[in-house]
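There are 2 protein chains.
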Amino acid sequence: MHFSVTILGSGSALPTSRRNPTSQYIECNGRHVLIDCGEGTQVQIRKNGIKLQRIEHILISHLHGDHYFGLVGLLSSMHLLGRIKSINIYGPEGLKEIVELQLHYGGSRLAYELIFNVLDAKDNGLVFEDDVLAIKHFPLAHKIPTIGYLIQEKPRERNLRTEIAMADGVKIEYFHRLKKGEDVVNEDGNLISFEKYTKAPKNPRSYAFCSDTKYFEPIIPFIKNVSTLYHEATFTEAFMDRAIATMHSTAIQAATIAKKANAKKLLLGHLSARYDGGEEHESEAKTVFEECEVVEDGVKYFI
Amino acid sequence: MHFSVTILGSGSALPTSRRNPTSQYIECNGRHVLIDCGEGTQVQIRKNGIKLQRIEHILISHLHGDHYFGLVGLLSSMHLLGRIKSINIYGPEGLKEIVELQLHYGGSRLAYELIFNVLDAKDNGLVFEDDVLAIKHFPLAHKIPTIGYLIQEKPRERNLRTEIAMADGVKIEYFHRLKKGEDVVNEDGNLISFEKYTKAPKNPRSYAFCSDTKYFEPIIPFIKNVSTLYHEATFTEAFMDRAIATMHSTAIQAATIAKKANAKKLLLGHLSARYDGGEEHESEAKTVFEECEVVEDGVKYFI
Numbered sequence: 000m001h002f003s004v005t006i007l008g009s010g011s012a013l014p015t016s017r018r019n020p021t022s023q024y025i026e027c028n029g030r031h032v033l034i035d036c037g038e039g040t041q042v043q044i045r046k047n048g049i050k051l052q053r054i055e056h057i058l059i060s061h062l063h064g065d066h067y068f069g070l071v072g073l074l075s076s077m078h079l080l081g082r083i084k085s086i087n088i089y090g091p092e093g094l095k096e097i098v099e100l101q102l103h104y105g106g107s108r109l110a111y112e113l114i115f116n117v118l119d120a121k122d123n124g125l126v127f128e129d130d131v132l133a134i135k136h137f138p139l140a141h142k143i144p145t146i147g148y149l150i151q152e153k154p155r156e157r158n159l160r161t162e163i164a165m166a167d168g169v170k171i172e173y174f175h176r177l178k179k180g181e182d183v184v185n186e187d188g189n190l191i192s193f194e195k196y197t198k199a200p201k202n203p204r205s206y207a208f209c210s211d212t213k214y215f216e217p218i219i220p221f222i223k224n225v226s227t228l229y230h231e232a233t234f235t236e237a238f239m240d241r242a243i244a245t246m247h248s249t250a251i252q253a254a255t256i257a258k259k260a261n262a263k264k265l266l267l268g269h270l271s272a273r274y275d276g277g278e279e280h281e282s283e284a285k286t287v288f289e290e291c292e293v294v295e296d297g298v299k300y301f302i
Numbered sequence: 000m001h002f003s004v005t006i007l008g009s010g011s012a013l014p015t016s017r018r019n020p021t022s023q024y025i026e027c028n029g030r031h032v033l034i035d036c037g038e039g040t041q042v043q044i045r046k047n048g049i050k051l052q053r054i055e056h057i058l059i060s061h062l063h064g065d066h067y068f069g070l071v072g073l074l075s076s077m078h079l080l081g082r083i084k085s086i087n088i089y090g091p092e093g094l095k096e097i098v099e100l101q102l103h104y105g106g107s108r109l110a111y112e113l114i115f116n117v118l119d120a121k122d123n124g125l126v127f128e129d130d131v132l133a134i135k136h137f138p139l140a141h142k143i144p145t146i147g148y149l150i151q152e153k154p155r156e157r158n159l160r161t162e163i164a165m166a167d168g169v170k171i172e173y174f175h176r177l178k179k180g181e182d183v184v185n186e187d188g189n190l191i192s193f194e195k196y197t198k199a200p201k202n203p204r205s206y207a208f209c210s211d212t213k214y215f216e217p218i219i220p221f222i223k224n225v226s227t228l229y230h231e232a233t234f235t236e237a238f239m240d241r242a243i244a245t246m247h248s249t250a251i252q253a254a255t256i257a258k259k260a261n262a263k264k265l266l267l268g269h270l271s272a273r274y275d276g277g278e279e280h281e282s283e284a285k286t287v288f289e290e291c292e293v294v295e296d297g298v299k300y301f302i
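In order, the protein sequence lines correspond to chains E and V.
Using numbering that gives the first Met the number 0, count along the first sequence one by one with no gaps and you end on 302.
Using numbering that gives the first Met the number 0, count along the second sequence one by one with no gaps and you end on 302.
Calculated directly from the structure, the hints in this document are not laboratory data.
Watch out, some of these pointers could steer you wrong.
Pairs count within a copy or across copies, as identical chains cannot be separated in the list.
In silico SDA-like links for lysine to any residue, alpha-carbon gap of 25 Å or less [claimed, not checked]: (1) LYS46 / ALA272; (2) LYS153 / VAL131; (3) LYS95 / LYS153; (4) LYS263 / PHE115; (5) LYS213 / VAL184; (6) LYS142 / ARG30; (7) LYS179 / PHE215; (8) LYS142 / TYR111; (9) LYS50 / ALA133; (10) LYS84 / ARG273; (11) LYS213 / ASP122; (12) LYS50 / ARG17; (13) LYS95 / PHE238; (14) LYS46 / ASP296; (15) LYS258 / ASN87; (16) LYS285 / ASN189.
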């Protein structure tokens, strides 16, 4: 079962030659989700060999340009490349108005449906759910209404203890129910226990996206025990005054959130253009939370 | 005296790894003009070593995304990089509304003034004029209102025939008036003829930008005798049906316009993503107009 995030852009407001503005591509057990869509995202998608038309859900965090200026171009390219399948777009109020105004003046009629879903950036709740994953949203604290996202795998089937089951002559037709955690009574009236013939699956994995935000402890309940936390770390400690003024976080603040939320792993991004490699971010964050890494554009991280 | 165009993007609706969406940077005798601003233009500007803040005028041809989706990001970056000098933006109706809506939802207040100038895409006229250049606009024929632009140098001073003037003992203080084409009467009452001591300057140079448009002869009077004509050539002859359906031009149509307008040189661009190098465009166009070239991103062409 596959769960990964590919970083398409890890920079902040000013793009650099190393870091594009924010965008991430999530693959989760056959589902394809884009989070944010900064300028140039469609080119990044192609460079990274991602199949554009597979994307079914686009989550936008907020309406600062470095998080969505690539959206209308992406939607236009999907149309030009023959898309007919509808797409779901989630984000704060205003996004629909902006996209529709641009399509209006462009005289554009897309051959597929845009399904806009306005989320209340001050609230939390379910964004989308199917049998494979759930997407939830929660409020971040930034200069304008900003939304954090959590993508959770649904609990997986139990793992069959195949050798024991075969040795005891359990019929293959019962395997499906046993893996779902159901006991079975066979034709002879004997109980076949799912606990005997299966093992508990691994805990469902989860991925949280928190950008942009100042240090904001109220997010912790929403991301508690997350497998991988992506948290913005625009600045290092030396620029704490800038972090405060712009309502962004430092690497140590991101690490503190990861620690308090009991995250398993922390990914740091949204680095200010004044930095290049992010070594300083990483070393500062590690003083608080060891399992952390500054992300790079074009790298896929497995959850 | 410097007059050049740097191609920042020579592709069409779908960007490719070789061709970005449309944008061009014009330097004309100390003036700095951007024409169109497709997605990714700000990155192209930096890659080409162009000083962002020098740009004083931005001309937008029409509101198809591949010609302006990079504009708001560019304006934001100018702000973040400390711009306080106002900027002039010219384009069709709708542009101001789109830019202002995006700034509104981004909670952005730029530290410099955006001076929007709405041009009537069905009319022609003067866009801007100073002592160095004049910018004019005229209508193109595309699916939505689309504007062509002409940038003309102002006539230059006459060239002094320094050796003859020195030999005849013409005083240096008269040179300035002679170069302006004025005769001078010296202190002895003798006429000093500007025609004797100066040569006519080269004809003023001009650059015309025609994209996007179908084959449209009514533009010819506006670009007559232009030094360099940039004309879109989205397709080769094999795709004439697509050119007609999408109101674009073929390379041969662009060359025909260049010939009929008596242009000195033709630059071809806005190639469909189905092409790579543009060799076919060039060879087809040359059957009609020899002095032509398919442009490449990142190349500077001298007018």
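Consistency of the hints with the structure:
no.	hint	verdict
1	LYS46 / ALA272	both (22 Å within a copy, 15 Å between copies)
2	LYS153 / VAL131	within (5 Å within a copy, 67 Å between copies)
3	LYS95 / LYS153	neither (30 Å within a copy, 46 Å between copies)
4	LYS263 / PHE115	neither (33 Å within a copy, 51 Å between copies)
5	LYS213 / VAL184	neither (56 Å within a copy, 75 Å between copies)
6	LYS142 / ARG30	neither (31 Å within a copy, 37 Å between copies)
7	LYS179 / PHE215	neither (39 Å within a copy, 68 Å between copies)
8	LYS142 / TYR111	between (34 Å within a copy, 20 Å between copies)
9	LYS50 / ALA133	within (22 Å within a copy, 46 Å between copies)
10	LYS84 / ARG273	between (41 Å within a copy, 23 Å between copies)
11	LYS213 / ASP122	within (17 Å within a copy, 50 Å between copies)
12	LYS50 / ARG17	both (23 Å within a copy, 19 Å between copies)
13	LYS95 / PHE238	neither (35 Å within a copy, 35 Å between copies)
14	LYS46 / ASP296	both (11 Å within a copy, 18 Å between copies)
15	LYS258 / ASN87	neither (33 Å within a copy, 49 Å between copies)
16	LYS285 / ASN189	neither (55 Å within a copy, 87 Å between copies)
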